[in-house]
Amino acid sequence: MKLVYFAWVRERIGLPEETVDLPADVKTVTDLLAWLKTRGENYETALERSDVIRVAINQEHAEHTAALPRNGEVALFPPMTGG
Amino acid sequence: MKLVYFAWVRERIGLPEETVDLPADVKTVTDLLAWLKTRGENYETALERSDVIRVAINQEHAEHTAALPRNGEVALFPPMTGG
Amino acid sequence: MTAPCEPLVRVQAEDFDPAAESRRLTEGRRDVGAVVSFTGLCRDENGRLDALELEHYPGMAEAEIARIAAEAAERWPLTGLTVIHRFGRIAPGENIVLVVAASSHRRAAFESADFLMDFLKSRAPFWKKEHVSEKNSGDWVEARAGDLEDMKRWQR
Amino acid sequence: MTAPCEPLVRVQAEDFDPAAESRRLTEGRRDVGAVVSFTGLCRDENGRLDALELEHYPGMAEAEIARIAAEAAERWPLTGLTVIHRFGRIAPGENIVLVVAASSHRRAAFESADFLMDFLKSRAPFWKKEHVSEKNSGDWVEARAGDLEDMKRWQR
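Protein chains in written order, with our numbering: chain W, 1 to 83; chain B, 1 to 83; chain X, 1 to 156; chain S, 1 to 156.
If you are wondering where the hints come from, they were derived from the structure by calculation, not from laboratory data.
For glycine and all other residues, C-beta sits at the position ideal for the given N, C-alpha and C.
Check the hints yourself; a few may be wrong.
[What the hints assert, rightly or not] Quick look at which bits of chain S chain W covers, simulated, 3 or more residues with Cβ under 8 Å:
# : stretch
1 : 47-57
2 : 119-126
3 : 139-145
If we strip away everything but chain W, and leave its shape as in the complex, we get:
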């Protein structure tokens, strides 16, 4: 699965994007966030307040309860501040 990161999520993780092989039991966005936090201190810092992390699945806003897609792109980012 392709993961993309923006703004301070990107800065704290230290990567703009990466492709990962997910364990079979990682099924929802919530699972994904918990699994990423086990991958190192940078992920832990970036995703510490996971309640504020916004998610897009294939470029559409999604809830943390959403199921991960079989294929495609999952984006993690802070609340938006455009406009």
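Using the hints, position chains B, X and S against chain W.
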């Protein structure tokens, strides 16, 4: 007193403005409207629905209950449709 | 709060340039975060209309718009405010009225422009006469009850 | 009701010209009665700010703005709608975002532009980083709770 008329009030009266000598008992806008209606059919037609006639005294909006000024300009016109 | 801005009010027969008026409120400044511009244009009403004739009360028109603009400048923290209203014959597609409100804050710019238009409609001494395609003279546009309702939104 | 207008959406690094975009929605037409234009500009926050860096999610930014614009075009009877959002480094006094809404009706133009801005703030994937005068790198702007409240005004 100087009277000025606009839009269909002006067209129906047939004058853009005039200067009149008011009888002593014409003290308010309501008195003025009633007195003008006695001056001819054109005034009667113009001021027939006196409730919709708007008034300005010395270029400020005024109520029909307002006292007429000693000097100055009283304007009569339909509801405004600018903007 | 800082002093209210000095609104620019013009009542004129000539056309205006909305872009130039917006630029005047932003050029050389670094404190303007939002500019809302409203332009009112003459419509042909599905081909029915040849032109509008806008009559106004010279002197009072300027004074009344200035009063409304000053009230908006008191009520919202604006960095600039411009109101221009034309009179005379105006063809479909031409400009009638312009309001430009600039502020540090988006909501102040939106609300003050909206407020200005509602009050202009119901309080500024202008009257529209329609010149229609079929006959020589047209009718005066009637005030909409909705215009008065719009204005009441701002009562507090 | 006629079919909703086709909104024009652009996400770009270059500056835009609000006047040209307004003209595009009115030129040669006789059915447009109202044009509301909102321009968002970069402020220097009383001299504190050197620039804003606007990061965006390419692809999703365009798609999300297009979704919001299409919703506005469904909801209000617009004759035209344009939304442009810039990304990259933007200095104080420069343009960030433009919404232009044209309609036969004043209220539709005002409300749809206001709606667009509220939704852009809270749903379009853009993030502002401040470059401040005193140090080399700045902080990410935090989302305002008020922005979300603004958006909720449009729920029905």
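Against the structure, the hints come out as follows:
1. Taking a C-beta to C-beta cut-off of 8 Å, the stretch 47-57 of chain S contributes 4 residues in contact with chain W, enough for the three needed, and the coverage statement holds.
2. Chain W is given as covering the stretch 119-126 of chain S, and this holds because 7 residues of the stretch bring a CB closer than 8 Å to a CB of that chain, at least three being needed.
3. Under a criterion of three residues with beta carbons nearer than 8 Å to beta carbons of chain W, the stated coverage of the stretch 139-145 of chain S is upheld, 4 such residues being counted.
Every hint, counting from the list given before, is met by this structure.
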